[in-house]
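Colleague: Given the structure of chain A, go ahead and fit chain B onto it with the hints provided.
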Amino acid sequence: MTTLLDLCSLIRSKNAGPFVLTFDFMCRDEHSYRTLRASGLLTPELFADLYGADPARVLIVHHDRAQAVKVSLPRPLRQGDIHDSDSYGGQQYAPLVDLEVPDHRH
Amino acid sequence: MEIRILAPTGALGAGFRPESLERGVALLPHVIACDAGSTDSGPYYLGTGEPKLSREAVTRDLRLLLKARDTLGVPLIIGSCGTSGRDAGVDLVAGIAREIAAQEGLSFQLALIYADQDPAYLTRCYEQGRIRPLEPAPAIDRSTLTDGHVVGMMGVEPIQAALREGADVVLAGRASDTALFAAVPQVMGADPGLIWHAAKTVECGAACAIPPSADGLFVHLRADHFDVEPLDPDSRLTPHSVAAHTLYENANPYLVTEPSGVLDTTDAVYTALDARRVRVTGAVYRPSDTYTVKLEGSSLVGYQTIAVGGIRDRVVIEQLPTLLPMAQAYFRAKIHDVFQGRVDPDDVDIDYRLYGQDAVLGARDPDRDRTPHELGVLITVTAPTQAIAHAVATFVAHASSHLPIPQYEGLASTVAFPFSPPETDRGPVYRFTLNHVAVPGTPHEMFRTVHEEVTS
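Top to bottom, those sequences are chains A and B. The first sequence begins at 1 in the working numbering and counts up one residue at a time. The second sequence begins at 1001 in the working numbering and counts up one residue at a time.
It should be emphasised that the hints constitute simulated quantities derived from the structure, not laboratory data. Since the model is a prediction, treat every value here as computed from it, not as a measurement. For glycine and all other residues, C-beta sits at the position ideal for the given N, C-alpha and C.
A few chain A residues that face chain B, going by a derived Cβ cut-off under 7 Å, partial list only:
1. LYS14
2. ASN15
3. ARG65
4. ALA68
5. PRO74
6. ASP81
7. SER85
8. SER87
Computed Cβ-Cβ distance ranges for the label pairs, DEER-style:
9. B:VAL1360 with A:THR3: 15 to 23 Å
10. B:GLU1022 with A:GLY40: 48 to 56 Å
11. B:GLU1374 with A:THR43: 33 to 41 Å
12. A:GLY40 with B:ALA1120: 47 to 55 Å
13. A:ASP29 with B:GLY1362: 30 to 38 Å
14. B:ALA1275 with A:HIS83: 41 to 49 Å
15. B:GLY1282 with A:ASP103: 34 to 42 Å
16. A:GLU100 with B:GLY1362: 20 to 28 Å
These stretches of chain B come out as covered by chain A in the derived footprint (C-beta under 8 Å, 3 or more residues):
17. 1040–1053
18. 1242–1250
19. 1348–1356
20. 1429–1438
Same shape as in the complex, but just chain A (with noise of 0.2 Å):
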């Protein structure tokens, strides 16, 4: 079984400005790179079940220099209000850790 953390040398959360979260999935190397977008496992829907954003809202860019994926969305909660819990988005990418990855699809 393959994981997100097995394919990746980062994974963080940050924000984008007060009004956006921001996923980056920095892999380890090309072929991890290739593994993960073939496998088709981030997705506008993964994102908004998780972080109840309008699938059509969230931003997926592949960055083939960077071999990382950058994930955008609305924040469920503008920065810093006062039901915030995380005010600079650092650990909103804990539940993506150990998602497993499905095989490439051939």
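Modeller: What follows is chain B alone, placed relative to chain A:
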């Protein structure tokens, strides 16, 4: 043609090695620039105008930078002074600069560029349809623009004007991080795609180096490429680390929006020059038809008092899902009772965060059904005044430590409080209010520049 840029650190006050700065100075930069702020630390700094980093840390960095500038005779540009880039932040850093000048025998022409926005100006813009939302933007009305504090994020133009008017040291209010590094190369006529990409690359200093650090980067910008290297000889850059930096705290890694246009790094190519230097080519800058200035706003939400505790007994933990809603109902009644109707319970927010169960991801945590054996409890009371928040927190903390547990007879003690008193006043709390741009008549009209001769 070669334009050299020294980016000494990711943020004024974050620190850097003096030897690294010396190395950068020896490479004879045309400009030294860094930023001193961000929204990333939250709405408090813009709301209050207080800085995040200490006066001591800012003084330490600024002293070294002012001396380096004096040695080189080149501009020193610092943006988003005082964390939020409010006028108070500019004045704070200016005061430190004057103090250092007197102590070190430095003289320079100082320009202060203020970015606070006048509510009357913003109201006029709003009525003329010159305030536009960015995705995702909160709903606003006129009062959003007049209550609280709003700053505009300046582009290169006010900085370039200050330099034209003779400034050696520019202390800017809220400014685009990249504009600080782009201002001088643009005047010198470099390629816009390379300028803005180089600026984007160095804006966080050595954050994109291996290992990431609070230290500097140096850029050699030439006709068809730029070379970038870390100033610390023990640190290195790779094509991958430089390319990856475009992802950091940015929604779209390929497109970076500036007041005057958009940097597009889709076709950028990153090549290793050696083990620690990278050559970059290929980015393009697309000027916009409309000049836009991003607005940042922060307004007061209320005042907070918190209490921190812990729960270890599984019997108590198991009861919480029923006890906490009951407690909330009790607190509403108690607010009525204690304040004799003078405080509306709807104006008071009482929030429990259960660390160990659902404090960070809350209801969205896929693992929240797992039973914890110990819970941290953060109780947060937010109210219209500090006195009300404090008064409510005292009975909330007290009642929380004596929740009625059906299995236990008599007065149970249900929360461990590490502090006496358990309540801590947190002061005012703020919220960000704007994700919008203004469309000004000129790139200058939202900013005010004051020149001053500083002599030792």
